[in-house]
Amino acid sequence: MKLVDVRFHAPRGLEEALALLEGLKDARVMAGGTDLLVDIKQGLREVRDIVSLHRIAELKGIEDEGDRLRIGALVTVRELASNAAVAKHIPALADAARSMASEQIRSIATIGGNISSAVPSADLPPPLIAADAGVELESSRSARRMSLLEFFTGPRETVCLATELLRSVVIPLPPPNTGISYFRFTLREASALAVASVACRITLKSGVVDRATVVLGAVAPTPILANKASRSLLGKNPSAELFREAASHAKEEAKPISDIRGCVWHRKELVHVLTQRALAEALERALGKAEVAE
Amino acid sequence: MPAPRKKRTAFAAIGTSVPNVDAVDKVTGRAKYGADHDRKGQLYGRVKYSEHPHALILSIDVSRAVNLSGVRAVLTHADIPGENSFGTAVPHQVVLCSEKVRYLGDVVAIVAADSEEIAAKAVESITVKYKILPVVSDPVEALSPRSPAVHAGGNLCVHQKVRKGDVGTGFSQSEVVLEREYATQKVEHAYMEPEAVLAEPGENGGITVTGSVQNLYSIRRGLARVLALPLGRVRVRQATLGGSFGGKDEAMTALCCRAALLALKTGRPVKMVNTRENSMRESYKRHPYRMKYKVGADRRGFLKAMEITIHADAGAYAAMSPFVTWRSTVQATGPYVVPNVRTDVYAAYTNNCYTSAMRGFGSPQVCFGSESLMDELAEKLGMDPLEVRLKNTLRGRSTTATGQKLNHTVSVGEALLNVTKKGRFLKTRASNRKHNERSHPKKGVGISCSYRGVSLGAEGVDAAGVTVSLQTDGSVVASSGLVDMGQGAATTISLMVAEELGVTVDRIRFLGADTSRLPDSGPTVASRTSFMAGQAARRACKEIVERIRPVASEVLGCPVDSLLFRNNWVSHSTERTRRGPGSRKAGRGRAGRKRLRLGELASLCFARGVSLFAHGWYRAPATSWDERTGQGDAYFTFVYGANLAEVEVDTETGTVRVTRFVSSHDVGRVLNLNGARGQVYGGVAMGLGYALFEEYAEQDGRPSLENFDEYLLPTVSDVPETEIVFIENPDRLGPYGAKSLGEPACEIAAPAIANAVCDALGMRVRELPLTLERVRLGRGLSRKEKRGSAGP
Numbered sequence: 000m001k002l003v004d005v006r007f008h009a010p011r012g013l014e015e016a017l018a019l020l021e022g023l024k025d026a027r028v029m030a031g032g033t034d035l036l037v038d039i040k041q042g043l044r045e046v047r048d049i050v051s052l053h054r055i056a057e058l059k060g061i062e063d064e065g066d067r068l069r070i071g072a073l074v075t076v077r078e079l080a081s082n083a084a085v086a087k088h089i090p091a092l093a094d095a096a097r098s099m100a101s102e103q104i105r106s107i108a109t110i111g112g113n114i115s116s117a118v119p120s121a122d123l124p125p126p127l128i129a130a131d132a133g134v135e136l137e138s139s140r141s142a143r144r145m146s147l148l149e150f151f152t153g154p155r156e157t158v159c160l161a162t163e164l165l166r167s168v169v170i171p172l173p174p175p176n177t178g179i180s181y182f183r184f185t186l187r188e189a190s191a192l193a194v195a196s197v198a199c200r201i202t203l204k205s206g207v208v209d210r211a212t213v214v215l216g217a218v219a220p221t222p223i224l225a226n227k228a229s230r231s232l233l234g235k236n237p238s239a240e241l242f243r244e245a246a247s248h249a250k251e252e253a254k255p256i257s258d259i260r261g262c263v264w265h266r267k268e269l270v271h272v273l274t275q276r277a278l279a280e281a282l283e284r285a286l287g288k289a290e291v292a293e
Numbered sequence: 000m001p002a003p004r005k006k007r008t009a010f011a012a013i014g015t016s017v018p019n020v021d022a023v024d025k026v027t028g029r030a031k032y033g034a035d036h037d038r039k040g041q042l043y044g045r046v047k048y049s050e051h052p053h054a055l056i057l058s059i060d061v062s063r064a065v066n067l068s069g070v071r072a073v074l075t076h077a078d079i080p081g082e083n084s085f086g087t088a089v090p091h092q093v094v095l096c097s098e099k100v101r102y103l104g105d106v107v108a109i110v111a112a113d114s115e116e117i118a119a120k121a122v123e124s125i126t127v128k129y130k131i132l133p134v135v136s137d138p139v140e141a142l143s144p145r146s147p148a149v150h151a152g153g154n155l156c157v158h159q160k161v162r163k164g165d166v167g168t169g170f171s172q173s174e175v176v177l178e179r180e181y182a183t184q185k186v187e188h189a190y191m192e193p194e195a196v197l198a199e200p201g202e203n204g205g206i207t208v209t210g211s212v213q214n215l216y217s218i219r220r221g222l223a224r225v226l227a228l229p230l231g232r233v234r235v236r237q238a239t240l241g242g243s244f245g246g247k248d249e250a251m252t253a254l255c256c257r258a259a260l261l262a263l264k265t266g267r268p269v270k271m272v273n274t275r276e277n278s279m280r281e282s283y284k285r286h287p288y289r290m291k292y293k294v295g296a297d298r299r300g301f302l303k304a305m306e307i308t309i310h311a312d313a314g315a316y317a318a319m320s321p322f323v324t325w326r327s328t329v330q331a332t333g334p335y336v337v338p339n340v341r342t343d344v345y346a347a348y349t350n351n352c353y354t355s356a357m358r359g360f361g362s363p364q365v366c367f368g369s370e371s372l373m374d375e376l377a378e379k380l381g382m383d384p385l386e387v388r389l390k391n392t393l394r395g396r397s398t399t400a401t402g403q404k405l406n407h408t409v410s411v412g413e414a415l416l417n418v419t420k421k422g423r424f425l426k427t428r429a430s431n432r433k434h435n436e437r438s439h440p441k442k443g444v445g446i447s448c449s450y451r452g453v454s455l456g457a458e459g460v461d462a463a464g465v466t467v468s469l470q471t472d473g474s475v476v477a478s479s480g481l482v483d484m485g486q487g488a489a490t491t492i493s494l495m496v497a498e499e500l501g502v503t504v505d506r507i508r509f510l511g512a513d514t515s516r517l518p519d520s521g522p523t524v525a526s527r528t529s530f531m532a533g534q535a536a537r538r539a540c541k542e543i544v545e546r547i548r549p550v551a552s553e554v555l556g557c558p559v560d561s562l563l564f565r566n567n568w569v570s571h572s573t574e575r576t577r578r579g580p581g582s583r584k585a586g587r588g589r590a591g592r593k594r595l596r597l598g599e600l601a602s603l604c605f606a607r608g609v610s611l612f613a614h615g616w617y618r619a620p621a622t623s624w625d626e627r628t629g630q631g632d633a634y635f636t637f638v639y640g641a642n643l644a645e646v647e648v649d650t651e652t653g654t655v656r657v658t659r660f661v662s663s664h665d666v667g668r669v670l671n672l673n674g675a676r677g678q679v680y681g682g683v684a685m686g687l688g689y690a691l692f693e694e695y696a697e698q699d700g701r702p703s704l705e706n707f708d709e710y711l712l713p714t715v716s717d718v719p720e721t722e723i724v725f726i727e728n729p730d731r732l733g734p735y736g737a738k739s740l741g742e743p744a745c746e747i748a749a750p751a752i753a754n755a756v757c758d759a760l761g762m763r764v765r766e767l768p769l770t771l772e773r774v775r776l777g778r779g780l781s782r783k784e785k786r787g788s789a790g791p
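As you go down the protein sequences, you meet chains P and V in turn.
The first sequence maps to residues 0 to 293 in numbering that gives the first Met the number 0.
The second sequence maps to residues 0 to 791 in numbering that gives the first Met the number 0.
FYI, nobody ran anything at the bench for these hints, they're computed from the structure.
Think of the CB as a built atom: it goes at the ideal place given N, C-alpha and C, for glycine as much as any other residue.
Fair warning: there could be bad hints in the mix.
[What the hints assert, rightly or not] Only part of the chain V face toward chain P is listed, based on derived beta-carbon distances under 8 Å:
hint, residue
1, Gln630
2, Leu704
3, Glu709
4, Asp717
5, Pro719
Same shape as in the complex, but just chain P (with noise of 0.2 Å):
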């Protein structure tokens, strides 16, 4: 493949990036390019500019700040897969980074890529928006915040504009009694997409189930909160009858289609089941949290 009539534009800062794209019209940004560039090579889009962030520093780094992680648009899977910051408070952000594509793809993937490219089975915003993950968004002349569940407006659609970055993501460390999940279900173990994808979030308070969120992927044209199921759960002893329904109710809730990786009955049977064992993995990671606390 070659580039031919691209222009490529690598900004040193932040400032430099934001006025090109201020100027520049339908210039493509590339954080690691491992979506972009096979969309260019498959003719799905047309590109004359493509903005490249890679010298950017301000969008590097995972920075703890001490009732949040605020993690850089240019942070790769890899790193999210090894640093210790999110390894602690967030395990099931590092479980999905190591569940993606393979070790080279890990190594150039970014965190701001994954989220803005908004492919409906992609594996880092449901344990994301199960935790509340916000994103904060920069032009030259505004910048503006919302949760990562606004993001996301249809398949490889969000709300970002095209003189817009995505410039972090923000995580509120969880509170006490918190655990977190993340299951998917591939057709292989790996370097596959996500067929059907749960991340569970189980907060407990006295035993009962304090709050609870089901976030489906890759089952509707963007990540969804499972509303029914997550209501299904709240001040309840937490136990396997308990997630079975909550997970019936998440069946219902998925509106999956029929593609080459798997047909709507199966992905619907598949967030049945993926759920049960998110639920059940957020439970004791709660559980977990709650001994070390005491």
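Once you've looked at the hints, dock chain V against the given chain P.
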């Protein structure tokens, strides 16, 4: 991996474990693959594919393409100097379609341009008008008289048969009769390197092509036929091959012909490299089979009769279908004594992507059929799968389905015992049963076995040549008409040359194949290379040794028959045991010269005008075949093997994990332990993909995928550790007793896994691959269900 064995044999090189001789070149990037060959002033070729699986061509308009700046040639069928077709069995595969297209990989026009981009634009600007014909997509329906015809002569490509005894009598003597249907899918070779070629017009009006070719001589025949050139002016050179698995034959003939046509037309070198998408669309696949098995046995479990009817989808062209189905016919019963056999294998033309040779060559399909059947029979008889197999396996002096009496050591029983002992088959099976009653995921264990004819057998002419040239410094250049395509032939043949000449492997340079300096040795297929090229190499070496012995005898002053060639030295054999090979000084004893370097000897021979070059030719022992009865000595010898797989099945999601694998093969003699293990590891991985993931799905002649993101191959994370038990029953015909391994290693992996999955599920799945839906539901979802419905 088990530790390398220290074997005590009479051999110096044979049976050792050496890395592939081309390994360093490959990992350092020095190896030049097809696409790495470039010439000054070369053009880039592109093809215009058919837009319909089945259509008549009304008109082809290339005028806009011709007028594009940078386009040097646009060719159609009208520009072909010779025949517009090729093919070993049936020469009807079209190079550039004129009247009709028969599948989506057919090509209507070709373009050569200054750059790939211009060539691509030119191809897009070609317009072809079609009259669309109904698509023939089902190999059984294709044989109905009402089916539209893919080829003028009708849709029957070939009908192969075996008739032994009388199945009616056999079934009447049977107390248990089972009838089952099995199906296998179409799969892609998935070689890492897509097809690539560079065609150069020669000074003598001829053509030289260099590329990723597996079978140089069939490709050369195709080129000569299409270009109307004498064979002597067509030169085919093999670049380092990035995998082939049987796949770079007809697909490469087509590509080479097209590049050569463009090169001769423009007078410039033309390079053509397939994208993965083009390779998937155009290159042939492994035949999907639909198999009906009827088996009869008495109450004690002894087989009485088998009746087998198979329909194979040949796709748009015959290619190797007649040969592939012939092997299936011979081996369809599995490695069992069956007194009455009736087998019919039909291959039918359709508008699907054509099918031809792929590792196994008609065996992976029937191995899945016969090995599933034996498990089902065992269950019906209330026996375990091992017992029913051991009762019926071929033994020494047994007669095969084709009436061939086996006059060598038949080791299928030994192989079965090896894998079941190592895998504790019966114990594991019993403890799994207990586990599965209460626990999750479900566990299963399965076995499989096979017999396989070595080399081409009665399929065709079976002979091969190797040249060996001893240099005056004692180094050696060797070259073989059967090629290395990644399977390790270069290393294996080098080891045999090392053994015969007494040189170390590092002194041997193995050259890539080239039709201009090697005789037509037939195709590098059928796991025949170690055997055939090995024997040819030995003959060449022996001839050289015979010539240089007298000179050595004279110099060393010892009788000819006491000379020993070893470790680049020639010595008086009684001397060796006392001193052993050592430094140069050690070679000059007080009593005079007792040994000399092979290089010194070679120089002395050269000075005396003794030829240091030899060509070895080996013709395989005779085989026989009666087409009318389907009886005969199909192959000159056979190999035997068995596999065992353990799996865990998540019955809630359908996921299958292969947790353990044991493989045992009688190879006659292990030539290179490292290479032999590599064949088994690779074969198991390939069989695992066949069992669980891979399927080149087509609907109405259109593939539903085009790249490896959707055509799922196993990764290293899916492949279990494999334990290997080699059996060495030296064959009286093979080099050092060696037989073959490449295809046996692959053909029985899938049925072992399938049997293990069915054992875990307590339910039989009779179709490959064992997709999640089949594992969960016991059946695949219908096509309609797959397209957006809510499911069952």
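Right, here's what the structure says about each hint:
1. Gln630: At about 44 Å, which exceeds the 8 Å cut-off, the nearest Cβ of chain P leaves the hint on glutamine 630 (chain V) violated.
2. Leu704: This interface hint holds because 6 Å falls under the 8 Å limit.
3. Glu709: holds (5 Å)
4. Asp717: Hint holds; aspartate 717 (chain V) Cβ to chain P Cβ min 5 Å, cut 8 Å.
5. Pro719: Given a least distance of 11 Å, the restraint on proline 719 (chain V) is violated.
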